[in-house]
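> Those protein sequences? They're chains A and B, same order as listed. Following the numbering used here, the numbering of the first sequence begins with 1 at its first residue and continues without gaps. Following the numbering used here, the numbering of the second sequence begins with 1 at its first residue and continues without gaps.
A few of these clues could be false.
[To be verified] 25 Å max Cα-Cα, derived DSS-like pairs, lysine-lysine:
id, chain 1, residue 1, chain 2, residue 2
1, B, Lys108, A, Lys22
2, B, Lys169, B, Lys108
3, B, Lys169, B, Lys64
4, A, Lys190, A, Lys126
5, B, Lys169, A, Lys22
By construction, these hints were calculated from the structure, which means they are not laboratory data.
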Amino acid sequence: MTTLAKTSAVRSLATQTSIRRKAMSYLARSWPLYVMVLPGLVLLLIFNYYPMYGIRIAFQDYNPALGFDQSPWVGLKHFEYMLKLPTFRLLFRNTLMLAIGKILFLQVTAIVLAFMLNEIRMRVFKRVFNQILYLPHFLSWVIVAGILLDLLSANGLVGRFLGGLGLNSFMFLGNAAFFPWTVIFSHVWKEAGWSTIIYLAALTAIDPQISEAAAVDGANRLQRIWYINLPGIAPTIALIACLSLGGILDAGFEQIFNLYNPTVYATGDILDTYVYRAGLISARFSLATAIGLIKSTLGFVLITLAYWLAAKYANYRVF
Amino acid sequence: MVEGKSWRNRMFDGVNYVILTLIAFLCLVPIIHVLAVSLSSRAPAMGGFVTFWPIGFTWENYIKVVESVAFYRAFLVSVERTLLGTLINLLIIVLTAYPFSRSPHEFKGRTFLLYVFMFAMLFNGGLIPTFLNVRNLGLIDTLWALVLPGAVQIWSIFLLMNFFRGIPKEIEESAIIDGASHWQLLYHIYLPLSTPVLATLCLFAAVGHWNAWFDGVIYMTKMDNVPLQTFLRTIVIQLDMTRMNLDPKDLVLVSNRSVRAAQIFVTMLPILVVYPFLQRYFVTGIRLGAVKG
Chain A
1 MTTLAKTSAV
11 RSLATQTSIR
21 RKAMSYLARS
31 WPLYVMVLPG
41 LVLLLIFNYY
51 PMYGIRIAFQ
61 DYNPALGFDQ
71 SPWVGLKHFE
81 YMLKLPTFRL
91 LFRNTLMLAI
101 GKILFLQVTA
111 IVLAFMLNEI
121 RMRVFKRVFN
131 QILYLPHFLS
141 WVIVAGILLD
151 LLSANGLVGR
161 FLGGLGLNSF
171 MFLGNAAFFP
181 WTVIFSHVWK
191 EAGWSTIIYL
201 AALTAIDPQI
211 SEAAAVDGAN
221 RLQRIWYINL
231 PGIAPTIALI
241 ACLSLGGILD
251 AGFEQIFNLY
261 NPTVYATGDI
271 LDTYVYRAGL
281 ISARFSLATA
291 IGLIKSTLGF
301 VLITLAYWLA
311 AKYANYRVF
Chain B
1 MVEGKSWRNR
11 MFDGVNYVIL
21 TLIAFLCLVP
31 IIHVLAVSLS
41 SRAPAMGGFV
51 TFWPIGFTWE
61 NYIKVVESVA
71 FYRAFLVSVE
81 RTLLGTLINL
91 LIIVLTAYPF
101 SRSPHEFKGR
111 TFLLYVFMFA
121 MLFNGGLIPT
131 FLNVRNLGLI
141 DTLWALVLPG
151 AVQIWSIFLL
161 MNFFRGIPKE
171 IEESAIIDGA
181 SHWQLLYHIY
191 LPLSTPVLAT
201 LCLFAAVGHW
211 NAWFDGVIYM
221 TKMDNVPLQT
231 FLRTIVIQLD
241 MTRMNLDPKD
251 LVLVSNRSVR
261 AAQIFVTMLP
271 ILVVYPFLQR
281 YFVTGIRLGA
291 VKG
């Protein structure tokens with residue numbers, strides 16, 4: 001062995017031991033971090049990632065007795081069937097219409113409410129109003145729908161009131177033309193107060209000196225709201241608009257599932273409710289999975305796009 | 001702010017207060033009405049005469065609810081899932097948020113793992129594969145089906161991670177020099193500094209568990225194992241007595257309007273009780289997380 005080879009061998013041995021030593025000291029310090037992540041990661045793999053593997057049944061004729069691995073492959077059969085289904089277009093349209101309607105009405109209401117709450121000077125009143133307006137957000141849709149069904153029954157509170165005007169309150173949940181409005185307004189009732197929080201935070205961040213200067217120049221309060229507060233929260237409105245894009249396929253399963261019935265399927269049946277009925281009531285697992293896959297893929301694209309837009313135009317970061 | 005005392009300003013304030021009071025009233029009306037019906041006797045409630053004040057005041061409806069074994073059992077399932085579920089949620093949030101808050105230099109693979117969690121937040125297997133997975137694991141009709149599938153709250157993990165990263169590094173420096181391990185840093189430095197955030201996340205998780213009902217619909221085949229919200233749904237929305245265990249005493253839970261109202265009120269009572277605490281913390285939570293759906 002030449003001296004050159006000898007020295008290089010010694011050197012590589014030395015680097016090896018130094019790498020090993022570095023790795024050992026890294027692990028000695030950092031191993032708890034891996035142990036900490038482990039439980040969450042394992043649960044995530046079992047309950048989030050393994051079901052993604054189960055998506056393969058959209059391309060199979062899934063038979064519960066055969067399982068994910070043994071069921072026969074059928075290619076795109078279920079997707080072809082789905083596209084021929086006359087209800088599929090209807091489901092898509094209903095989902096989009098309801099989701100977009102809900103976003104628009106909710107955000108406009110929330111912005112107006114935030115302006116009104118922001119004009120209140122007395123702290124006590126501000127707190128009381130906030131507390132009352134946030135409350136419905138914390139009630140489940142089972143409770144809200146249960147109350148709504150009672151209010152809209154023949155001799156319920158709303159039913160009696162409308163009966164006095166000669167109207168039938170059943171139309172709200174039993175008439176396909178009215179049902180979307182029932183969904184939109186009950187959603188606004190539940191979430192409007194809660195949705196003001198982000199706008200209120202933006203409003204309090206506006207420098208009050210601007211408003212004072214405008215007041216000195218003779219601007220009245222409506223003018224100040226219009227020319228100072230509205231532009232002041234414009235970035236927040238843009239942010240919410242971007243993020244809302246991610247939700248235009250979420251028409252609100254929990255709400256609609258508790259409010260709808262077969263008479264309003266024409267306007268009230270959405271992708272999520274159809275997936276539930278096809279899959280868990282009629283046991284057409286593969287078809288339901290195929291429809292669900294279309295929805296979650298589009299949803300993924302939309303949410304990614306929404307985050308990208310929010311990061312680009314509103315400086316928003318998830319982490 | 002200096003506000004002129006002109007009549008126009010007062011008019012503005014007056015109109016604003018009146019409209020807001022009406023809106024606040026609109027928020028409370030349904031709840032007050034349910035309370036009034038639940039405290040009324042059967043006939044006026046069924047006849048639809050009760051508005052905001054009980055007619056023929058009685059506690060009888062609540063007594064019927066409390067005495068019902070089926071209701072009590074569902075209530076117990078909800079309490080169990082809320083306690084166990086919140087505990088697991090919080091444990092996972094803290095244990096995952098801490099490593100993610102460290103630098104990639106200290107925690108190699110951080111970025112990759114972060115994307116693994118991030119992706120799970122954006123994409124899911126969908127209802128059917130998720131359901132089949134839980135069924136294949138043999139969790140149907142067990143409490144675990146209500147607790148484990150949602151155990152990893154990814155959004156809350158990111159929220160706490162961001163909070164941890166906002167804590168100045170100078171605070172931990174002397175502890176690190178003294179040889180504190182990551183466990184000690186987490187337990188003695190990071191957790192005590194983030195109690196308000198933890199309280200927020202804890203309350204959100206608890207409210208989420210208390211209000212959850214859909215998992216009870218799909219993962220529970222027996223009425224005995226169903227949580228309270230799912231139980232309430234069978235009663236006030238499906239008006240279904242066939243799924244009850246046909247205890248003749250329980251029929252009143254479905255058929256009697258004021259007893260139904262009493263059940264609705266008992267189910268939302270825990271929310272109303274913790275609401276003042278929620279109030280105190282959730283604005284902190286919202287500010288930290290900017291927006292949470």
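> Look at each hint and say if it fits the structure.
Here's how the hints hold up against the structure:
{"no.": "1", "hint": "B:Lys108 / A:Lys22", "verdict": "holds, 13 Å"}
{"no.": "2", "hint": "B:Lys169 / B:Lys108", "verdict": "holds, 19 Å"}
{"no.": "3", "hint": "B:Lys169 / B:Lys64", "verdict": "violated, 58 Å"}
{"no.": "4", "hint": "A:Lys190 / A:Lys126", "verdict": "holds, 19 Å"}
{"no.": "5", "hint": "B:Lys169 / A:Lys22", "verdict": "holds, 24 Å"}
Checked against the numbered hints given earlier, this structure breaks only hint 3.
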